[in-house]
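Going down the list, the sequences are from chains A and B. Position one of the first sequence corresponds to residue 1 (our numbering), numbered consecutively onward. Position one of the second sequence corresponds to residue 1 (our numbering), numbered consecutively onward.
A few of these clues could be false.
Using 25 Å as the maximum straight-line C-alpha spacing, the simulated PhoX-like pairs for lysine-lysine come out as follows [to be verified]:
(1) B:K114 <-> B:K10
(2) A:K96 <-> B:K282
(3) A:K96 <-> A:K71
(4) A:K96 <-> A:K46
(5) A:K96 <-> B:K58
(6) A:K172 <-> B:K264
(7) B:K10 <-> B:K58
(8) A:K258 <-> B:K107
(9) A:K258 <-> B:K282
(10) A:K196 <-> B:K258
(11) A:K96 <-> B:K10
(12) A:K196 <-> B:K256
(13) A:K96 <-> B:K91
(14) A:K230 <-> A:K315
(15) B:K107 <-> A:K35
(16) B:K258 <-> A:K96
(17) B:K113 <-> A:K96
(18) A:K258 <-> B:K256
(19) A:K35 <-> A:K196
(20) A:K343 <-> A:K315
(21) A:K258 <-> B:K264
(22) B:K258 <-> A:K164
(23) B:K132 <-> A:K35
(24) A:K96 <-> B:K107
(25) B:K282 <-> A:K172
(26) A:K196 <-> A:K96
Just so you know, these hints were derived from the structure itself, not from any lab.
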Amino acid sequence: MQKDFVSGLQPDAAKSVPGPPWVVKAQIHAGGRGKGGGVRLVKTVKELEDAARDILSHPLVTHQTGPSGQKVRQLLIEEGLAIDREFYLGIVVDRKLECPAMLFSQAGGMEIEEVSAQHPELVLIENIDITQGFMPYQARNFFYALDPLPDRGVLTELSAIMSKLYELFIAKDCSLVEINPLILTKSGMLVALDAKINFDDNALYRQSDIVQLHDANEMDELEARASEYKLNYIRLDGNVGAMVNGAGLAMAIMDVIKLAGAEPANFLDVGGGASEEMVTNGLKIILSDKRVKAILINIFGGIMRCDVLARGVVKAAKEVKIHVPLIVRLEGTNVNEGRAILKESDLDFSVAQDMEEAARMVAEQVR
Amino acid sequence: MSILVDENTKVVVQGITGREGTFHTQQMKVYGTAIVAGVTPGKGGATVEGIPVLNRVKDAVDGYGANASCIFVPPAFASDATLESAEAGIKVIVCITEGIPTLDMIKTVRFLKKCGAVLIGPNTPGIISPGKTKVGIMPGYVHKPGGIGVISRSGTLTYEVVDQLTKAGFGQSTCIGLGGDPIVGTSFIDHLRWFGQDPETTGVVIIGEIGGTAEEEAADYIAREFNKPVVAFIAGQTAPPGRRMGHAGAIISGGKGKAQDKIKALESHGIEVVLNLGQLGKTALQVFKNS
């Protein structure tokens with residue numbers, strides 16, 4: 001099939017692609033684009049231009065982008081094909097069974113989560129033994145559940161696609177690969193109309209070609225900066241900035257903030273054994289988020305000592321002005337030294353005795 | 001009593017000459033852990049904190065009676081180190097390393113099950129039986145010997161919970177960090193089974209988080225077979241879907257792994273779930289005091 005990637009508005013873009021009809025697709029790193037209006041079928045050049053202009057003019061909001069949506073920088077223009085059947089084909093890691101699992105469905109084109117919730121019988125699953133790989137019998141298990149059974153030629157090709165997809169999954173350390181829909185055209189051709197691949201972050205050290213595909217434009221600006229500092233930072237929609245050591249504790253603190261009636265502005269884990277520098281950088285990131293109206297720092301000193309945290313906070317305050325109320329709750333190793341360092345600094349902050357009090361105090365500030 | 005590790009545990013530290021390995025070896029020693037040897041290939045003959053460094057795990061088993069290992073080697077070599085331990089006959093392997101590729105761990109876990117070795121982690125703070133031994137990186141002093149078993153998918157969050165338990169007057173029999181990765185060596189159910197058989201464990205706290213369905217499976221098991229009181233906490237009620245919340249395994253994907261679903265599963269089986277972490281100590285007091 002012929003297709004063309006274009007950046008921005010280019011009137012001649014469709015000339016090299018057979019058609020009409022054409023399909024215009026927004027290229028962002030998120031699913032659910034069709035429902036969000038990011039995929040359009042067009043029948044004339046004029047329609048194509050209008051669709052392209054419209055998609056590029058505003059952020060695309062899908063259930064995976066968050067409410068503020070994602071800016072569309074690139075479009076894909078494809079030949080419109082006459083579809084006979086739509087399949088779903090994907091591979092994920094089954095955490096419970098501790099193996100890769102291939103999913104196949106004749107209800108392609110829809111979100112697989114929805115199909116599996118409403119018609120679980122339509123989602124076929126084959127668990128793959130990692131020492132054997134994907135076996136031919138597993139492809140047959142899929143095929144003979146199809147109604148009607150496709151032609152032998154189509155099955156041979158499907159089987160090859162499945163094996164290759166599994167090879168890709170293993171070779172590139174994927175955590176998800178999916179083709180949805182994988183269509184069978186009226187002329188008997190199998191075409192991958194859309195695909196998505198997620199990679200295992202932990203394996204990127206041995207996947208240098210994948211690292212090169214990284215597109216900072218697809219990331220939130222603050223998240224991109226945080227990742228340069230090697231901080232676990234995720235931007236959320238509230239206005240309470242939070243800095244915590246440890247991922248589980250950071251999630252728990254977000255929850256406590258919410259239970260106190262406020263909304264967290266971010267997830268930030270400076271690490272179980274964070275350094276002074278990481279604390280300083282973390283605080284700088286939170287402070288550059290304009291929506292943040294108050295900050296809660298919760299540290300349980302285990303490996304990380306409270307005096308290290310305190311020095312990091314004081315240092316950050318010297319480099320960037322802290323312009324919002326700051327509430328600090330310290331517990332654990334060297335807690336008294338930590339509290340003393342904060343007290344002796346000229347920093348304006350409040351100390352909370354426990355996390356419930358901390359959450360209450362911070363929620364009052366943003367009310 | 002305790003499960004898996006106690007005063008008879010003899011630890012070999014893999015990656016003992018690295019920065020983390022050396023620091024935590026010293027910390028474990030201070031706590032009273034019997035560390036019999038360290039392993040760093042190529043550095044055999046050296047000593048760290050007075051502990052002999054060997055080239056192979058098998059030498060630590062044969063020559064020093066090591067029966068547990070604690071792994072601090074970098075992610076790219078951690079699977080190899082884990083398999084070496086299992087092959088040498090070590091039965092409790094604690095892998096602290098964070099950042100091991102998922103596919104490596106799928107293969108490793110499969111092999112370990114064949115060897116009958118128990119893998120704690122990876123990406124875990126480790127395991128501690130307070131007053132007896134700690135094999136890991138948790139701050140020992142927040143713990144106190146006692147009757148509560150703690151099973152957690154987290155690190156710092158566990159220290160917070162243990163601190164609250166200790167302050168509420170409840171010591172711990174054994175505290176285990178399952179590990180924050182999608183594929184880990186043991187599940188809540190494995191430890192619940194062992195705690196169930198341990199006469200001195202009187203109750204269990206389980207600390208879950210978003211991602212996967214391990215808590216739902218634990219809820220089913222508790223309802224079916226577990227007779228001791230349980231208090232649960234699930235982190236991530238406000239976590240957005242599709243984002244990895246620090247831990248590689250803490251991600252809501254394909255509509256699965258939401259905190260709300262886990263809380264519902266636990267509560268539907270009559271298990272006490274603490275929604276506000278600040279109240280865990282108080283809830284534990286109510287639940288465990290009456291038993």
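Of the numbered hints stated earlier in the document, which are not met by this structure? 2, 3, 4, 5, 6, 8, 11, 15, 22, 23 and 25
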